[in-house]
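Student: Residues per chain, in single letters:
2 protein chains.
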Amino acid sequence: MINKLVSKIQKTNAPVVVGLDPMLSYVPEHITKAAFAEYGETLEGAAEAIWQFNKGIVDNIYDLVPAVKPQIAMYEQFGIPGIIAFKKTVDYCKEKDLVVIADIKRGDIGSTSTAYAVGHLGKVQVGSKSYAGFDEDFATVNPYLGSDGIKPFIDVCKENKKGIFVLVKTSNPSSGEFQDRLIDGKPLYEIVGEQVAKWGEEHMGDSYSYVGAVVGATYPEMGKVLRKVMPKSFILVPGYGAQGGTAEGLRPYFNEDGLGAIVNSSRGIIAAYKQEKYAQFGPENYADASRQATIDMIEDIASIF
Amino acid sequence: MINKLVSKIQKTNAPVVVGLDPMLSYVPEHITKAAFAEYGETLEGAAEAIWQFNKGIVDNIYDLVPAVKPQIAMYEQFGIPGIIAFKKTVDYCKEKDLVVIADIKRGDIGSTSTAYAVGHLGKVQVGSKSYAGFDEDFATVNPYLGSDGIKPFIDVCKENKKGIFVLVKTSNPSSGEFQDRLIDGKPLYEIVGEQVAKWGEEHMGDSYSYVGAVVGATYPEMGKVLRKVMPKSFILVPGYGAQGGTAEGLRPYFNEDGLGAIVNSSRGIIAAYKQEKYAQFGPENYADASRQATIDMIEDIASIF
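In the order they appear, the protein sequences are chains V and W. Going by the working numbering, the residue at position 150 of the first sequence is 152; the numbering climbs one at a time, nothing skipped. Going by the working numbering, the residue at position 150 of the second sequence is 152; the numbering climbs one at a time, nothing skipped.
Read the hints as simulated data drawn from the structure, not as lab findings. Treat the hints loosely; a few may be bogus.
Capping the alpha-carbon separation at 20 angstroms, the derived lysine to any residue pairs in SDA-like fashion look like this [to be verified]:
#1 V:K125 to W:I193
#2 W:K131 to V:Q245
#3 V:K200 to W:E179
#4 V:K35 to W:K279
#5 V:K57 to V:D99
#6 V:K188 to W:K131
#7 W:K13 to W:K200
#8 V:K131 to W:E40
#9 V:K13 to V:D182
#10 V:K153 to W:G251
#11 W:K125 to W:D157
#12 W:K188 to W:H205
#13 W:K57 to W:Q12
#14 V:K188 to W:G178
#15 W:K35 to V:D99
#16 V:K131 to W:A39
#17 V:K35 to V:P285
#18 V:K131 to W:P30
#19 W:K131 to V:S27
#20 V:K163 to V:D93
#21 V:K89 to V:Y64
#22 W:K200 to V:G178
#23 V:K90 to V:K125
#24 V:K131 to W:T44
#25 V:K131 to W:K57
#26 V:K200 to W:R183
#27 W:K153 to V:Q245
#28 W:K188 to V:E179
#29 V:K125 to W:E278
#30 V:K89 to W:S305
#31 W:K279 to W:S9
#32 W:K188 to V:P254
#33 V:K35 to W:S132
#34 W:K188 to V:G187
#35 W:K10 to W:K188
#36 V:K200 to W:G178
#37 W:K188 to V:D99
#38 W:K279 to W:G260
#39 W:K131 to V:G42
Model, not experiment: these values are computed from the prediction.
Isolated chain V, as found in the complex:
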């Protein structure tokens, strides 16, 4: 799947992933109205609204980008109907041949991590049969529990040619609270990065590892260091746009080959029609605004090479 991600990035010339993190407040009124008319103001109604919202965006961007990143929290907040909308979104994106990076930030130990891995990236045994519960292509994973938490994911990934992105340096303001603390003169994120590089050796694709890392666009100096620490790991970069990361700050996240990073934008694309810049599209044509914002982002990032 890492090979597919690389080849799709090369084909689209867009190291860009669209974050499908729908808030109900992003969904234009004509969609929520229709969903509530059918299901009422219920969890099912909300789930239908975000699913229809997503579908409109995916239909308008699937030919431009290699991948999408649905953030499961935004679905989980609507309980079981929300999770059903998540699964529908994942399935639909895969139909459109998009690589699906599930932003689930799971992480536990031993058989529990195996269960998460099996549910999201593998197949679970039920009697004599086996089933893929969610079947995404990549998942984000939290490293706080150490190798016991990561290795079960890698084992499942090996069997299924799937991959993970391990949180190394997150994009938020207080990420430094623990991640930047110095250990023998080195920040924790760097030590985690070194482990990502080691874990990555266990499951290599053609040129990059199936074990990638999350490093926020908001910390380019750290991106530069981490790029060198994990030369074979793809870096998933959140924080571009709405969170303040800029294109010029992104160059250090890429290798000399122009690969090695994929930049996420969520709000900046899916809620583009709410920005002054794209306001002319109007809520009815929100998905066209998303398409234009995607094109603009691809151009912006291309400008750094």
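Model the placement of chain W on the given structure of chain V, informed by the hints.
Tutor: Same frame as chain V, now just chain W:
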């Protein structure tokens, strides 16, 4: 909810939580057979089997213990039918007046953490109405992203009188890989513990905070230190029994008042009938074996006071 947890511990005289982490391999054949007869060897069949398995155990232990801790990964591995079984289990335990600690180890930033918090501990707004998606009493939360990841949970907890347990020192062998690394002479887990104490001040119950911590039974020396660092935080202690933690090692996790900790056992109770000690119950009476194992665990822990 922390006050309810404390008063239920005092009433049952059992600082014990039963981990509802069903593996399909734990479920006796008569239950899987019936479930597969109804739903086939499908995800629905697996979900029905673990739900019926759980129900049998809950019916046999609800009067003995204050709380249960379902591990969502064990349900999530079965996709949407698994999540439905999780929700059924949560609802059933609440009907039985058990405090439900959802072991979800979620953690993200800003509005994403809010979404998790709202989904599991609060209510989500849908038009003019609001709904609780999962509605557990407590959730476990991962601290790697710092205060930005934790505060949204605390805000939702304040509104809903719910609580969290933040991962501080986990019970697994490789937990030390990052958690034990020294920062200015102090291990990372201690620094996280200090933050837990600070976060805890923001949301106090009568005698304990709504912000607790997870500290594994497998590291009693660290438990001793962390007890002092976080005097007002309840400690959720995994790793007793199957993972090697012993009752005598548990004393340091408790305060002088005999409170301040709640000890989890999962496999040791729910799969008790598979142990030689409880084999006489047989698979048909697996839930009686679980009851006996719970009684034995309560006695074992009482012996340290």
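Student: Determine for every hint whether it applies to the structure shown.
Tutor: Hint check results:
1. V:K125 to W:I193: 38 angstroms, violated
2. W:K131 to V:Q245: 30 angstroms, violated
3. V:K200 to W:E179: 13 angstroms, holds
4. V:K35 to W:K279: Violated - the C-alpha atoms of W:K279 and V:K35 are around 60 angstroms apart, more than 20 angstroms.
5. V:K57 to V:D99: 14 angstroms, holds
6. V:K188 to W:K131: With Cα atoms ~49 angstroms apart, V:K188 and W:K131 exceed 20 angstroms; violated.
7. W:K13 to W:K200: 29 angstroms, violated
8. V:K131 to W:E40: 16 angstroms, holds
9. V:K13 to V:D182: Cα-Cα ~36 angstroms, so violated.
10. V:K153 to W:G251: Violated, at roughly 29 angstroms.
11. W:K125 to W:D157: 12 angstroms, holds
12. W:K188 to W:H205: 26 angstroms, violated
13. W:K57 to W:Q12: 25 angstroms, violated
14. V:K188 to W:G178: The hint holds at about 17 angstroms.
15. W:K35 to V:D99: Distance ~38 angstroms between W:K35 and V:D99 Cα, so the pair is violated.
16. V:K131 to W:A39: Given that 20 angstroms is the threshold and the Cα spacing comes to 14 angstroms, the pair holds.
17. V:K35 to V:P285: 13 angstroms, holds
18. V:K131 to W:P30: Between V:K131 and W:P30 the Cα gap is close to 18 angstroms, so the pair holds against 20 angstroms.
19. W:K131 to V:S27: It holds: about 14 angstroms lies between the C-alpha atoms, which stays within 20 angstroms.
20. V:K163 to V:D93: Cα-Cα ~18 angstroms, so holds.
21. V:K89 to V:Y64: 17 angstroms, holds
22. W:K200 to V:G178: Holds. W:K200 to V:G178 sits at ~17 angstroms (cutoff 20 angstroms).
23. V:K90 to V:K125: The hint holds at about 18 angstroms.
24. V:K131 to W:T44: Judged against 20 angstroms, a Cα distance of about 8 angstroms means the pair holds.
25. V:K131 to W:K57: 25 angstroms, violated
26. V:K200 to W:R183: 18 angstroms, holds
27. W:K153 to V:Q245: 18 angstroms, holds
28. W:K188 to V:E179: 14 angstroms, holds
29. V:K125 to W:E278: 32 angstroms, violated
30. V:K89 to W:S305: This hinted pair is violated, its Cα atoms lying about 48 angstroms apart.
31. W:K279 to W:S9: 32 angstroms, violated
32. W:K188 to V:P254: Violated: W:K188 and V:P254 sit about 32 angstroms apart, past 20 angstroms.
33. V:K35 to W:S132: 17 angstroms, holds
34. W:K188 to V:G187: 14 angstroms, holds
35. W:K10 to W:K188: 35 angstroms, violated
36. V:K200 to W:G178: 17 angstroms, holds
37. W:K188 to V:D99: 48 angstroms, violated
38. W:K279 to W:G260: 29 angstroms, violated
39. W:K131 to V:G42: 10 angstroms, holds
Going down the numbered hints, you'll see the structure goes against 1, 2, 4, 6, 7, 9, 10, 12, 13, 15, 25, 29, 30, 31, 32, 35, 37, 38, while the others check out.
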